[in-house]
Structure formats: structure tokens, C-alpha cells
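Chains D and P, in that order, are what the protein sequence lines are.
Quick note: the working numbering has the first sequence finishing at residue 188, numbered continuously throughout.
Quick note: the working numbering has the second sequence finishing at residue 188, numbered continuously throughout.
Among these hints, one or two may not hold up.
Straight-line alpha carbon distances no greater than 20 Å define the calculated EDC-like cross-link-like pairs of lysine to aspartate or glutamate that follow [what the hints assert, rightly or not]:
no.	chain 1	residue 1	chain 2	residue 2
1	D	K48	D	D18
2	D	K102	P	D23
3	P	K102	D	E124
4	D	K102	D	D170
5	P	K102	D	D18
6	D	K102	P	E112
Simulated coverage check for chain P against chain D, where a stretch passes if three residues somewhere in it have a Cβ under 8 Å from a Cβ of chain D [said to hold, decoys possible]:
no.	region
7	53 to 65
8	174 to 180
To be clear, the hints were calculated from the coordinates, so they are not data collected in a lab.
From a predicted model like this one, the values you see are computed outputs, not experimental measurements.
Glycine included, each C-beta is placed from N, C-alpha and C at the ideal position.
Given next are the chains, with one letter for each unit.
There are 2 protein chains.
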Amino acid sequence: MTETGSDVRLRLRVAALTLFDAQGFDQTTATQIAEHAGVNRRTFFRYFADKRDVLFEDEALRDLLLRGMAAAPAALPPIEAIRFAFRSAAPLLEANGSVAGLRRKVIAATPTLRERALGRAAMLADELAARLGDRGVDSHLAALASRVGMAACDLAVSTWSSEATDSFETHLDRSFSDLHDLLGHARRAGS
Amino acid sequence: MTETGSDVRLRLRVAALTLFDAQGFDQTTATQIAEHAGVNRRTFFRYFADKRDVLFEDEALRDLLLRGMAAAPAALPPIEAIRFAFRSAAPLLEANGSVAGLRRKVIAATPTLRERALGRAAMLADELAARLGDRGVDSHLAALASRVGMAACDLAVSTWSSEATDSFETHLDRSFSDLHDLLGHARRAGS
């Protein structure tokens, strides 16, 4: 059986995450990752621009989310359009499930990586807010909806990738249900 | 009339923000900031560790928020405890009002600064979530409440600092009212 490109890519990703986790991101070199995956250094660079690139291969997720957003029924309220987009990305997230928890752990352990991940998430939130704007949502409300929706989705990814029980969609539904409880309680207390 | 330390500090901060905005953060040196403020380089370093420090003097805000959180009545629901904390920081925010808009503009224009600001906000959100945990709030709900509350508060700071009309508290109330509308609509659509 011959190995496909995506097999090699996954093997390199697992090797990188394993080493990042065991000895730290800063202490790990591309050469070590390649060796650990049983390929040479040149092969590593055929798949990734650098070692950081292994952690931020999120273009596919971004594309899916924006396409999901475009496919969301016009009648959906802003926050539900965000949930719809994340639900449409569930298959990709599930496919990456085996490495998602380790990836988050490595990012959380390295402040510069955490800042970068937050920067990328903020850019994505801005893009989703702009799409809500295209749907006629007021810009302030769109910014709030995209950030609140992303917070709920991100926590769903977090609990799903650390608990490894139930589907991503179950975690997503739980997170949105918590969001409603959160605001429901506040409303009752405030009124 | 003699100039106090906080006068000099404010003058340096305004000089720094003006130069960052006009010529870019990377292109601005501590020496230029000192010159622009009419003091020498050594004086600059008496007040700030480096030029980036001018933008991230947020310890006072953090202290106020954590103290506000500690003072929030136990009966307040999680999201309202966050709002209570931000409300208690209003005087400090108002005092910095003259430079707040420019600061946000400079940070937004420089990706590395934006990532750093996001990193600091995320750390603060974690701290607020931990305080909610101390109040007996379940950890997942606490994480969600602090991030959603911070998103609403941050947008209030943003609209307040760019529009420069009404008090910060008015913007804060508007942002939380939007938050309720956002979830209220979603709930009706989902039920």
C-alpha cells in the first residue's frame, strides 16, 4: 500500500505535536520533526512553510465557515447563522479530532502561540461579522454576534477536544444552551 | 506651577501615541517619543520599560476589575457580575478617555500589538472566570460568561472611545442590551 500525501502530512503533524508537547515548541526543530516522522527535512518543507505552520493550518476551516455562513438561511438570527456555520464545519473538526486536543494544549503552553491563535480567531470573527453585515445586520450587533458566537463555538471545540466524548455537534448545542441560560438568568435578575 | 509625575507620564503617552499613529509603531523610537514630549530619553525610561509598555499599562484596570468582581453582590448572575466589575472601572476608563481612541487605533494597525492586546484580554478573561468559579459558578459556564461579558464590555469601550459621545456607562448598558436582544431573538427563532 502506498502512502498518500495526506498520510505523510498527518504523520508530520502528529510528530510535531508530540515533540512540541514533550520538549516545548521553542526547543523543537523542523529536522527533529522530520526524523520523528521518519522522513527527511526536505519532505517536511514540502508540506509546511515552517514548524509554526503545523499549528495554524486553518485555511480549510476558514473556508468552510465562510461557505457555511453563505449557506445559512436568510431568516436565521445573527447568532444562529454563526452556529450554522460552525455546524457545517463539524466534519472537518471531527476528522482532525485525534490531534485537536494536543494542538490546543501546545498552543496554550506557549504565550506567543496563544497570542497568534487569538489574533487569527479575531480576524475570523471580523470576517464573520462582515458577512453578517452583508446580510443586513447592523455593524455593532454583527460584531457582538460574531464574537459571542465564536466564544460559544470555541468553548465547544475546547470541551469536545479535551473530553473526547460525544460528537462536536452535541458540545456545540450544549454551549449554545449555556449561552441562553447565561443571558436568560441575567435578564430575569435585571428586570 | 510644577509639573507632577503623572503630568509627564501623560505627556509621554500622548507623544508616543501621536508618533505611533503618524509614522507607525515599528518606526518610532523611545528617543523620538522623549524629544516630542520635550524631555530626555532617560526620563522616558523612568516612566516606561520600553515603547510597547506605553500601550499596555493596564495593571490599574486589571486591579479595578478584580476588585469590582470581589465587590459584586453574591446574588448577581455571572454575566452581571462581569458588567458590575466593568462599571466599577468606569472612572479610570473615563480618565484615560482622551487617549483611548488613539491607543485602540494604533493597536489595530499593528498585527503584533493586536495579538498582544488579545493575549492580555484572554488572560484577564481567565482571571475573571476563575473569580466566577470562586463564587460557585460551574467552570464551563464561568469561562463562557467571562468571555461573552468581556466581548460586550470591549465593544462598549470601542464605541465609546471612537464616538466620544455619552458616558462609558451608557455605552456599556447599550452593549448589554444588544447582547440580550441577540440571544432573545435566537431563543424565539429556536423554540
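Against the structure, the hints come out as follows:
At most 20 Å may separate the alpha-carbon atoms for a hinted pair to count; D/K48 and D/D18 meet this at roughly 13 Å. With a CA separation close to 32 Å, the supplied pair D/K102 and P/D23 exceeds the 20 Å bound. At roughly 19 Å between alpha-carbon atoms, P/K102 and D/E124 fall within 20 Å of each other, so this suggested pair holds. The suggested pairing of D/K102 with D/D170 is violated, with an alpha-carbon distance near 23 Å, which exceeds 20 Å.
In summary, the hint linking P/K102 to D/D18 is not supported, as the alpha carbons are separated by about 36 Å, beyond the 20 Å threshold. Under the criterion of a C-alpha separation no larger than 20 Å, the hint pairing D/K102 with P/E112 is consistent with the structure, at around 19 Å. Check result for the region 53 to 65 of chain P against chain D: violated, 0 residues qualifying (beta carbon to beta carbon below 8 Å, three or more required). With a cut-off of 8 Å between beta carbons, the region 174 to 180 of chain P has 6 residues touching chain D; three or more are needed, and the interface restraint holds.
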